[in-house]
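Protein chains: 2
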Amino acid sequence: MTDQLSEVPDEGVTRRAARSQEDILEVATAEFAANGYAGARVDEIAARTRTTKRMIYYYFGSKEALYLTVLERVYAQIRRVERGIQIDELSPTEALRKLAEATYDHHTTHEMFIQLVSIENIHRAEHLQQSETILRENATAITLLEQVIERGVREGIFRDDVDALDVHMMISAYACFHVANRHTFAAIFKRDMLDPALQPSHRRLIGDMIVATMADRRNRRTVP
Amino acid sequence: MTDQLSEVPDEGVTRRAARSQEDILEVATAEFAANGYAGARVDEIAARTRTTKRMIYYYFGSKEALYLTVLERVYAQIRRVERGIQIDELSPTEALRKLAEATYDHHTTHEMFIQLVSIENIHRAEHLQQSETILRENATAITLLEQVIERGVREGIFRDDVDALDVHMMISAYACFHVANRHTFAAIFKRDMLDPALQPSHRRLIGDMIVATMADRRNRRTVP
DNA sequence: GTCTATATATCGATAGAC
DNA sequence: GTCTATCGATATATAGAC
Numbered sequence: 000m001t002d003q004l005s006e007v008p009d010e011g012v013t014r015r016a017a018r019s020q021e022d023i024l025e026v027a028t029a030e031f032a033a034n035g036y037a038g039a040r041v042d043e044i045a046a047r048t049r050t051t052k053r054m055i056y057y058y059f060g061s062k063e064a065l066y067l068t069v070l071e072r073v074y075a076q077i078r079r080v081e082r083g084i085q086i087d088e089l090s091p092t093e094a095l096r097k098l099a100e101a102t103y104d105h106h107t108t109h110e111m112f113i114q115l116v117s118i119e120n121i122h123r124a125e126h127l128q129q130s131e132t133i134l135r136e137n138a139t140a141i142t143l144l145e146q147v148i149e150r151g152v153r154e155g156i157f158r159d160d161v162d163a164l165d166v167h168m169m170i171s172a173y174a175c176f177h178v179a180n181r182h183t184f185a186a187i188f189k190r191d192m193l194d195p196a197l198q199p200s201h202r203r204l205i206g207d208m209i210v211a212t213m214a215d216r217r218n219r220r221t222v223p
Numbered sequence: 000m001t002d003q004l005s006e007v008p009d010e011g012v013t014r015r016a017a018r019s020q021e022d023i024l025e026v027a028t029a030e031f032a033a034n035g036y037a038g039a040r041v042d043e044i045a046a047r048t049r050t051t052k053r054m055i056y057y058y059f060g061s062k063e064a065l066y067l068t069v070l071e072r073v074y075a076q077i078r079r080v081e082r083g084i085q086i087d088e089l090s091p092t093e094a095l096r097k098l099a100e101a102t103y104d105h106h107t108t109h110e111m112f113i114q115l116v117s118i119e120n121i122h123r124a125e126h127l128q129q130s131e132t133i134l135r136e137n138a139t140a141i142t143l144l145e146q147v148i149e150r151g152v153r154e155g156i157f158r159d160d161v162d163a164l165d166v167h168m169m170i171s172a173y174a175c176f177h178v179a180n181r182h183t184f185a186a187i188f189k190r191d192m193l194d195p196a197l198q199p200s201h202r203r204l205i206g207d208m209i210v211a212t213m214a215d216r217r218n219r220r221t222v223p
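Those protein sequences? They're chains H and V, same order as listed. Going by numbering that gives the first Met the number 0, the first sequence opens with residue 0, and the numbers climb by one from there. Going by numbering that gives the first Met the number 0, the second sequence opens with residue 0, and the numbers climb by one from there.
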């Protein structure tokens, strides 16, 4: 890799710069997630990279712009996960469970994403609202869920008074809480919600919860 | 904040001093909730009270000690709400719904509590762990839930593979998410989860969700 | 693009009079 | 208990050489 780069000086410099920026973003993500926006230190980020503080400002302009780039990066990541979910051959019930489990799997393995979302909410999403990319792209996660629910309602197996956003809210709430409130929950109740021994049953429970709620046909407004 | 959070002042402290401390705590709660621990400014808290910054340090010693007092105060508040819940004459199903709705009602009307819990989780609950009062008192919320579930299992109407902490987790997750992730959710999906027009249906849904999950008797391990 | 050194601002905390 | 004034530490951001 390094040899190839030195053979092509022009690309080498750019590629090296891109790698340096990636390096900064990686460290910055951890720093912001761990300490919040105001608590994060640019000095600390610089110290943990191969580059210097001067380069952070050279590449990103400001602490806020760096934070925004970090935010866009983790939202792009979950978008990729969501796009990869396949539910074509599944029944509405099975599809719902699979979507819930996929969200649970993503959130429980991406603690920094959840922390950054919490931080962003403390700041009333004012940074997120500056990102047209996130606002435009991340809302599309809901379309798959809409199709599943519509099919389930049409087949008469789902209640019809809960829409896709409500279901997404229930799934996200459960999966987020496991990670976001892990520490206060553990401190008070002495149970680590991310304990690997608990994950199979918690993964089953999120599916049970969503399926049981949606399959409760007593709540239908119209007869199928 | 409209709730009565004030404690009875010590005999040695004048009424004016106690009122001054209450004034500081009121403003500090809002300041920490709105900006996080590192983002909160002691100067700003002082400016919005009738007292001065010097007095904040005189009464509370440090920014961190002030924050800890704020934390204990909001946790004491939810404890009072939890203690006031009456479910004596209700069936296990009705009791479960009432507990879920009470949590929903508390969280949706105490945004600052939820924000402070989020902030505390960003800091890995390191302040909360210093408060013996919170750790000792707030875990008792679970006993009422334990009794309800035990009764429901005994009567053969609830599944028996989900314990009280899991139910508490599901209820808290739903109710917390509404408040904690309100801003990112609204930014991306253009729906304010705290819109008063949505509250009746969301309040019904949390009850439906918990009852449907627990009443799913296919998940029983033992025959009642 | 990369470095060292530094400007500029702000914040938590305190001194000391009354 | 209460005030004004201010310290000392630390933060973001930048200057300017190479």
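For the record, the hints were derived by calculation from the structure and aren't laboratory data. The model shown is predicted, which means the values in this text are computed figures rather than measured ones. Mixed in with the good hints there might be a few duds.
Copies of the same chain look alike in the list, so a pair counts if it fits in one copy or across any two.
[As the list claims (entries may be wrong)] Heads up, simulated SDA-like pairs for lysine to any residue below, C-alpha to C-alpha not over 25 Å straight-line:
hint: 1; residue 1: 97; residue 2: 141
hint: 2; residue 1: 97; residue 2: 137
hint: 3; residue 1: 62; residue 2: 202
hint: 4; residue 1: 189; residue 2: 158
To see whether the hints hold, each was checked on the structure:
1. 97 to 141: So residue 97 and residue 141 pass the 25 Å test inside one copy only (14 Å; across, 30 Å).
2. 97 to 137: within (19 Å within a copy, 35 Å between copies)
3. 62 to 202: Neither. Shortest intra-copy (37 Å) and inter-copy (40 Å) distances fail the 25 Å Cα cut-off.
4. 189 to 158: between (37 Å within a copy, 23 Å between copies)
The earlier numbered hint that this structure contradicts is number 3, and it is the only one.
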